[in-house]
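Protein chains: 6
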Amino acid sequence: MTRQPPLPDLIVEPIVRNALMEDLGSAGDVTTRTVIPADTRYAARLNARAEGRVSGMQAARLAFSLIDPDLAIDTIVPDGAPCTPGDTLMTISGRAASILAAERVALNLAGRMSGIATLTAAHVARAQGTATRITCTRKTTPGLRILEKQAVLHGGGFNHRHNLSDAILIKDNHIAAAGGIRPVLEATRAARSHMIRVEIEVDSLAQLEEVLATGGAEVVLLDNMDTDTLARAVTMARGKVVTEASGNMTLARIAEVAATGVDYISIGALTHSAGTLDLGLDF
Amino acid sequence: MTRQPPLPDLIVEPIVRNALMEDLGSAGDVTTRTVIPADTRYAARLNARAEGRVSGMQAARLAFSLIDPDLAIDTIVPDGAPCTPGDTLMTISGRAASILAAERVALNLAGRMSGIATLTAAHVARAQGTATRITCTRKTTPGLRILEKQAVLHGGGFNHRHNLSDAILIKDNHIAAAGGIRPVLEATRAARSHMIRVEIEVDSLAQLEEVLATGGAEVVLLDNMDTDTLARAVTMARGKVVTEASGNMTLARIAEVAATGVDYISIGALTHSAGTLDLGLDF
Amino acid sequence: MTRQPPLPDLIVEPIVRNALMEDLGSAGDVTTRTVIPADTRYAARLNARAEGRVSGMQAARLAFSLIDPDLAIDTIVPDGAPCTPGDTLMTISGRAASILAAERVALNLAGRMSGIATLTAAHVARAQGTATRITCTRKTTPGLRILEKQAVLHGGGFNHRHNLSDAILIKDNHIAAAGGIRPVLEATRAARSHMIRVEIEVDSLAQLEEVLATGGAEVVLLDNMDTDTLARAVTMARGKVVTEASGNMTLARIAEVAATGVDYISIGALTHSAGTLDLGLDF
Amino acid sequence: MTRQPPLPDLIVEPIVRNALMEDLGSAGDVTTRTVIPADTRYAARLNARAEGRVSGMQAARLAFSLIDPDLAIDTIVPDGAPCTPGDTLMTISGRAASILAAERVALNLAGRMSGIATLTAAHVARAQGTATRITCTRKTTPGLRILEKQAVLHGGGFNHRHNLSDAILIKDNHIAAAGGIRPVLEATRAARSHMIRVEIEVDSLAQLEEVLATGGAEVVLLDNMDTDTLARAVTMARGKVVTEASGNMTLARIAEVAATGVDYISIGALTHSAGTLDLGLDF
Amino acid sequence: MTRQPPLPDLIVEPIVRNALMEDLGSAGDVTTRTVIPADTRYAARLNARAEGRVSGMQAARLAFSLIDPDLAIDTIVPDGAPCTPGDTLMTISGRAASILAAERVALNLAGRMSGIATLTAAHVARAQGTATRITCTRKTTPGLRILEKQAVLHGGGFNHRHNLSDAILIKDNHIAAAGGIRPVLEATRAARSHMIRVEIEVDSLAQLEEVLATGGAEVVLLDNMDTDTLARAVTMARGKVVTEASGNMTLARIAEVAATGVDYISIGALTHSAGTLDLGLDF
Amino acid sequence: MTRQPPLPDLIVEPIVRNALMEDLGSAGDVTTRTVIPADTRYAARLNARAEGRVSGMQAARLAFSLIDPDLAIDTIVPDGAPCTPGDTLMTISGRAASILAAERVALNLAGRMSGIATLTAAHVARAQGTATRITCTRKTTPGLRILEKQAVLHGGGFNHRHNLSDAILIKDNHIAAAGGIRPVLEATRAARSHMIRVEIEVDSLAQLEEVLATGGAEVVLLDNMDTDTLARAVTMARGKVVTEASGNMTLARIAEVAATGVDYISIGALTHSAGTLDLGLDF
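Residue numbers (our numbering), protein chains in the order written: chain A, 108 to 390; chain B, 108 to 390; chain C, 108 to 390; chain D, 108 to 390; chain E, 108 to 390; chain F, 108 to 390.
Since the hints were derived computationally from the structure, they do not count as laboratory data.
A pair counts as met if it fits within one copy or between any two copies, since identical chains are not told apart.
List time: in silico SDA-like cross-link candidates among lysine to any residue, alpha-carbon distance up to 25 Å:
#1 K347 with E293
#2 K278 with L388
#3 K278 with A338
#4 K278 with A179
Input sequences plus hints: build the corresponding full structure.
What follows is the structure in C-alpha cells.
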C-alpha cells in the first residue's frame, strides 16, 4: 500500500526521456520501422510474472506516452500495491510500432523499481508487530535515486535523507577531522539550520554516552553493533534521540534487531542489490 | 583484462556530473561544510573489500575530479583487472571536504560496475576452453547503459547491440506482425542498410530451417531451447549464421550450453541483477 | 565573517554559465569585438562603492574565468567579509575584451548577493546580544536560490529549508485540508522520514497549546503575532520546540522581537527586497 | 496597458521549469504529499494585496500548468493592466496538492515582475505630458532578463538592448582603448552591421560635439550630467541623434529631466531594485 | 516514396526546439509582436517552387506546433513523395503571429532536407535498372544528421552507419596503425561484437585479395578506383562480401559505376553539397 | 582577413560538443578502440585541398580538444585568411585514437564554414571597387547560425540580423496585416526600442516613396527589382535611408548591382547553398 500520492510528472519525465533517448539511439527503433506496417495496432498488457510489490508504473506510463501521446494507457495496479504472477498491471493500446519502441525502457524501469519495492516489503514483513521502521540509504543507482526512494516507500519502507544537502549525518571521518564528538557537535550546533536534522554515527556505547551528554543530535546511527549491544544502546537512547541500526543488516537479522526496539533499520541492499521483478509485455 | 582503451571522458562525464548533482542536492554537502575545516587535507584509498573484476574506475576518477580539479588522483588497478580484498584500486589526496563530497557517487558507480564485471567474469570462466562468448542484453539500468556495457567488456564478455538503432533484431512480435519469417526477412532485405546486422529470433528447429532457407539474417537468436535442441540448432546453423543462445541462461547452465558450440550466450542478469562489488574509501 | 567553505564550483557554474549566455546573446559582445584590439590587456579592480557585506565573489570569479580561462583573478575580500567604499574586492587582469564581456554578469551577481548579505547583516546586528537568529524564507529569486541562501549565510544569518523536499512545513492550508492540528500532526508522524524536520504554523496561543499537547513537530512558526503574544508563546514553547517568528518582521521590530527570546526570526525581505550593493569595475 | 502580445510559451517555459525544479528539490513537496489527501480539490484565487501594475501572469500560469496540466487556470487581469488591493488576477482550480506545490514559484515570479512593472509605471507617470520615454538597462536578474524586460514594457516603459550582441554601446572604456571618439566611431563604421544600432556614451558637451561632428552613431548616452548640461546637450543633438539620459536618474528627478526634451531616460533601478508587489493565493 | 514510418517526435523535437530558440533570440519575433494585431489569423500554405522530392515535413510541422500548439496543421505531401512547382505540401492556419514566427525555421529545415532528398533521388534514378543502391556518408551537417539520413531515405537512398559506434569501418590509417590488413582484421575478429558490421577500405585489387583471404569483414569499401578496376573488384568479391564504391562518385559516373554490379555507391555530396529545394510560405 | 577577434569558446563549445556526441554515438569510436593500440601517437595536419577562405578553425580546434585535452593543437592559418591547395591550416599531435575520433566532426565543421567564407569572398570580390557590402540572411543551417554568420565575416561579408529579436524587418505580410505602409510604420514608431533598427521591404518605387515620406525606417529592403529600378531607388533613398538589394542576387549580377550604389546586397545562398571546401587530415 502506498502512503503517498505520485510525484509530479515534471520530476519523473526527464529521467524517462533520458532513458528513451539512450535506448532509441541515433535512428530510433530500426527493427520496428523496417518490419512493422505503420498502421498495425496492438493491445498490450504489462503483466507480472512473479509475486511482489509494484513500483515504477508512473515511469512506465511516461515511457509509453512520451514515445506516442496517442497511446491509450490504463494503470490497473497502482504503485505500492501487491501483485501475483499473471496480474495485469497496465494495458496499452495503439500503434504497434510505438508500443514496441517503448517496451524495453518501460520494463527496465518498472522491473527494477518493483524489485526494490518487493525487497523492501520483505524486510518490512520481518519487522511486523514492532514499531521498527525499515529505511534506505544513499546507495542508490546514480540518476535514478528519486524513483528508487519512491520504490522503498511503495514497499512500505521509509526514506533516509535524499541527498547531501537535506540532512546532516556526521560519520567517523567527520568526527576524527573535527577532533572528537563534543567538538563536532558544538561546531554543528553553531552553524546548523533549524530546519535540518542532525544524525551522528556511534560505534560504541561509550560514544553514545558522549553524544547523549553533549546533545545537539536528534538521531544516532548505531553502526555495526551486535544485537546485544544494540539493545543496550536503544535502552540508553530511549526518549532522548531517535535510533537507527546500520551495518550488516541482512534479511535474516531483521526480526531480531527489530525486537531491540530500535526505531529504524537502514539497509543499503534495498537499493543496491535488489534485482528486478520479472515483468513482461504480452500482446 | 580489458581489450579496449577507455571511452573519451566526453561521453562519461555527463553521466557522472548528473550523479553528483543528484547527490549534492540544493546546497552541497552540508555535513562536511559544517564540520570539516576548509584546510583539512586527506590521503584516501579506494580499496576492494571483495574479490572480483574492476570496472568504473574512469567514472570514479571523474567523480573526484569534477568535484575538485585540484585533487591528485592515481588509478592503481585499471578497469578490467582482477582485484582481491585489500587491494588499493585508486588513491586520492587533497581537500578532505572534496573527497568526502564525491565519495558516495564514486563508490556507487564503481561498486555497481565492478559488480557487473565480476558477474560477467564468472560466466566467462564457465565457458573457458570453448569458443563460446558471453554477451549482455539491453536489460541495463536506464541512464547507465554505456558504463554497464563497458563493465561487461571489462569482465571479459562481449556487447550485444547498444540501442534500438544500431542493429536489427527481429523477435516473435515482429514476425507475427509481418506475417511470418519469410515476409519479415524479405521486408528487411528490401530496406536494411548494408552497415547494420540482422538477427532473428527462432523458437524451434522448424523456424530455424525456414530462416536458413530464406536467408537475409546473419545471426539467429535461439530462444529458450533445452540443451539438446540447442545442440541440433547449432549443428544446422554452422557455417551459415552466427548463433546466440538466450533465455534462462543461468550460471549453472553455461558450461553445458557452451559445450553445444553455440557462438554466443546472452544473459540479461549480467546487468539487471549483478549487485555491487564491496568497495570502500579508507583514510 | 563566513562560517562555511564555498560551494563546489560544480553547483555554481551552471548558474553563471546560463547568465553569461543570456547576456552574450547570439553573437557575443559585438561592441568589444568591434572596437577593442584583440591584444589590448587590462588590469581591472572590482571595487565596492558602498559599505556592506560581501557575497557573490565565487560567482563573479566564475563569470570571468568561464569567459576566458586565461584571466588572472585574485579575490581580495572573500564572501562574508565586510567592505567599505573604495575597497578592492577582486583584481582581474588579461585580455580587455574578455574582462569587458564578463563585467555586467559579474557585477549583477555580486551586487545582488552583496545586497542580500548586507541587508541580512543589518538585521543580525539588531539582534546582537541575544540568542535569536535571523533566517530567510523561500521567497528567493527563481533560479538563484542557492546563491541567495549563501548570501544570507555570508550576512551572518541562517538558512530556512532550501526547497519543498528537505523539510515539512505545515501551514494553515495544510491544517485545514487535513482537518485540524491533531490529525495533520498524526498523519505527518505516520509518514515522515526520521531525517526530515517538521515545522507547523500557529496563529494563536490556543493553536500552540494544541501543537505542544499533540507533539510531532520540532519547530513552530509563530505567524503574525504582536510582540506580547509572541513573548507568551516563547515562554510556553521553551524547552519543548524551537520557535520561529514570522510575518511583518521589519528591521525596526527586530530588537524588540529578539528580546522575547524567540529562537529564529524569518524574513522574506532579505531575499525578495534587498536591492543591490553598489559595486563597480575600475580599470 | 500592454502594447505587445505575450511571448511564445516556448521562451518562458524553460525559465519556469527551472524555477519549479529548484523549488521542488529532490523529492517534490513532501509536506503536501504527506498531509493533503490526493483527492482534495481547491479553487484558489491569486489576489493583489497592493496597488500596482501586473506582470508575470504568463509565468504564473505556466508554473501551475507545468505542475499539473489538468488544473483549470483563468487569467482575469492580464499582464500590463493595473491592479488594486483585493483584485483577483487569476483563478486556479483542481488538485489541491498541485496548486500548493506551484504556489511559491508562481508568487515569486509574478510578485517580482509586477514589482518591476509597478516601479516602471511610477517613473512613466512622472514623465507624462512629455515625449520622453523610460527605458531599462542590462542590470537585470541573471536568468530572468526576458521576463524583466517584459515587465518594463508592461509598466509602460521601453526596452534598451537585450544583450551584448543586439546593439553596439560604446562606453568610456571602449573609447579609451580605441584611442578616442573619432577612432572608435571610425572602427565601428568599418565593421558594423547595417542592422544594428550604435550608441556612444558622452560625459561632456565637448565629447558630444565630437560625436556629432564625426557621425556614425544613432544614439548618444548622456551620462551623469546635471539637468542644465543635459538640456544644452539635448538642444545640440536635436534632429541629429536620439538622446538618452543616464546616471543617478532617481524618481524625484524624472519630471525635471523629462522637461529637457531628452528622448529616453534609462534607469537600472527599474530592474535591480524594484522589490516585489504583494500578491497572495487565497483558497 | 518513403519506405519507413516517421521517427518518433521525441527524437526530432529537440532539434527543432533548438532551431527555434536560435531564431527567436532573446525576445522573440519583435517585428511580428510590434506590428501584427494579436487576433489576426492566417491560413498559410507551404508550397513547392521547384520540382523535387519532399523531406523535412515532420520537422516543419513541429516548428509550427512548438511555437503554437493551437495551430491547425495538415501535411498534404508526406516525406518521401515527389513534388512539382506549385504543389501545396502543408497547410497551416491560426494566429498570424505564430505562423510568421515559425516560418523561417520551418522553411530552413524543410528546404534543406528536401534538397538532400531531391539530390539523392537524382542519383538513384541514374542507377535505375540495376541492383546498385545509393548510400550516404557521415559528411552530414553537425547537429542535423538524423534528419539528413532520413532525407536520404526519402530520396530512395540507403543509410551508411549513423555514427562511430554502430559499425566498424577500417580505413587506411587504421590498417597502417595496426600493421597491415591481416593483423587489423584479426584484432577486429577478437574484439568485435557479433551485432556490428565490419567494413574495410581497400585501394587496390591486391588489398582486396588479402581481405578476402583473411576473412572477418562483411563489406569492402572500394576506394577511388577507376571503373575498370572496380568491375574487376566486384567480380572478385561476388558472393563473398558486400561491395561499396566510394571516392569521386559524381552524378555523371553513377550509371557507369552501377553497371559494374557494385552493391552500393556512397556519396558524401548527398549531404554536404545538396543545397536547398525552393519552398515558400504563401498566405 | 578577419576584422573580428574570435568568439568566446563558451559560445562555440556547446555546438561542437553536440556535434561530437552525435558522431560518437552510444559507444564512441568502436573502430579506433578496436584496432588502434592505446599508445599509438600521431602528428596530423589539417590541409586545404582547394583554394578558398578559411573559417571554422576555432570549431575544429575545439573538436580535437574536447575529445582529448592533451592533444597539442596549433592553428597555422587563422579564420578569415585565404588558403591554397596544400596549405597546412592546423597541426594536431597526440594519441592517434583521439585524433581519429574527432576527425570527421572537425572536417565537417571547418569544411562547411570555409565553404561559406569562400563563397562570400567570391561575392565580395565582384563588388570590389564599390562601397557596396555583401551580407547574409537568416537562411542558415538550424543550430549552426553563429558559426555561419562568423564565416560570412571571415569571407569579408557583413551580417544581417542574427535572429528575430535583434532587429525589426517589416515584410509584405506585415504590411498587409497592419493595413499599409503608413500604419505599419506608425505602429512601429510607437512601440519600438531606440536600440533596435527598423528595416522595411518595398517592391516598387511607389512603396519606397511612401516609406520615405512616412519616415520611421532606417533601412529599406529593395526586393526583387531589376537593375534599372534598383538604380532609381538608390538615387531616391540616398542620404535618407540605408539601402539593401535582395532577391535573385546571383554571383553574375553582383558587379552590376553594386554599380547602382546600393549599400548592401543580401544573399541567402551564401549560407544555404555554399557547399564545403575540400579539407583533409593527413598523417
